[in-house]
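Participant: Taken in order, the sequence shown gives residues 1 to 548; the numbers are from the UniProt record's numbering.
Hints listed in this document are in silico derivations from the structure and should not be mistaken for laboratory results. Some hints here could point you the wrong way.
[What the hints assert, rightly or not] Computed list of lysine-lysine pairs in DSS-like fashion (alpha-carbon distance at most 30 Å, straight line):
1) K327 / K402
2) K481 / K94
3) K409 / K392
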Amino acid sequence: MNKRKWMGVGLTVTMLSAALVGCGSKDDASSTTDKTGAAEPQELNLTIGDEVPSLDTVRGTDSISFTIMGQINEGLVRLDQKGKPVPAVAKEWKISDDGKTYTFTLRDDAKWSDGSKVTAQDFEYAWKRGLDPNTKSDYAFILAWIQGGDEYNSGKGSADAVAVKAKDDKTLEVTLTAPKPFFLEQLAFPTFFPEKKEFVEKAGDKYGGDVDKVLSNGPFKLSAWTHEQSVEIVKNDTYWDKDNVKLTKVNFQVVKDAGARENLYESGQVDRIGILEDQVDRFKDKKGEFSRRSDLATGYLDYNESNKALANVKIRQALTYAMDGEKFSDVVYHDGSTGATGLVPTGISDGNGDFREHNGDLIKRAENLPKAKQLLADGLKELGLTELPKLKLLCSDSSSSKKGSEFIKEQWRTNLGIDVDIELVPFKLRLQKTRSHDYDIALANWGADYNDPMTFLDMWVSGGAFNDVQYKNPKYDELIKAAQNEPDAKKRMQELYDAEKMLIGDMAIGPVYFSASSFAMKPYVKNWTPRYSGPDMDLKFTYIEGKK
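Model the full assembly from the supplied sequences, consistent with the hints where possible.
Facilitator: What follows is the structure, given as structure tokens:
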């Protein structure tokens, strides 16, 4: 998913191996009292780094939107504290012997926030809406695992031919094109959440854009949304498991500046923040407040290949090798992030260990930096140019993105002798500009949607919804398609190893850093449960205890 590093609640993705706290129970609820025995206010205050782009579950593409969606909506499954799928709206399921057909039985007490029942038809409608080419969902490709999904989305098939069927109100049957070992895990991702047809159609194009245009079926519901300023969610009293939800309200304040977030935290106005740079040094010795984890996310440079100069592979290689990812990570973030050695980050499983370890270091800056100037010269010569046309570097307007863009600009000036302009825009606009290819180079970040290398590699196929660089390589497309349909796990992984090597060989994008996160959180916040994909945390079992 599109990531925005440092949203204030720590909107980054979490490794499955990260230390996760356990879920709560009814027994926990009785302990949330102060020393006098009075019940403590169960209100949590957080920050986000920008406006929420959309709460339309099939149109959302970014970590900010997904984080709110994940609290107010729920899919067929949730992920437990170990990242494993457990029953949610679905109370049970069966999988066919060939691993392709799933039959889900929905629980009787799953309801929408308007009191109506969540039905199997709500899932069938939502998934087909996501695949409908008229919806223009960027995440349609992960719904295309369903038989008939790709054909419908590409305009070559019909909705009726898509193999997701509500057999009755409580039974949903789904047939995939091939076995997908990560499919159950994917069902916790927002694109697979249900939608109520009548509500969506009544809201029209405004669905997901304001408080009265959002319907919830999760632990919380949207109660206020002051655009560009704040979002408020409250406990959903129609939620089937409401007895295990402790928090009564969560406030998300939009704060773009890292220093401002720290001031709010120190003054007790917010309860958790992401920290970076010198903030890490100030907080790292505060036991019970400071924490750090690695992320399943990679920061990289998008090179728009519609630009004549950037269509040249040697120029893209020169720009990548002339940028020191290790120094970038330390100077800009200083949070545990490290220089990227490929696209797929450390922590992604290949089924037999760590994908990154097994596919090796594909980006070797130390040995390639001396070659960067010559690569630039060779690329310009191939284009019949004597100097590189002025390029513009597009970044979000957060304080860390601004610092990152200035670091890159200086690296290229020092190591290549070129100067670029910097364009800083709000996060939502940055997404729009890269999606419409209205940029030269952009600093981007992608986090895992599920723990498999495919989540980083299938986005670069020709015409892919997130292929913002317009990369086209038929051989790469063939490798990805083969891996998508390969039943043999070993052969499939080799195809993904080869695909990453091809992508980096072509330098379609320029990997910069593997993301990590550092946080400060008040010790009275209990059962904080982070997530590595989709929503950045799950607040269902979080509660307040011991706040003065």
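Participant: What hint numbers does the structure not satisfy?
Facilitator: Violated: none.
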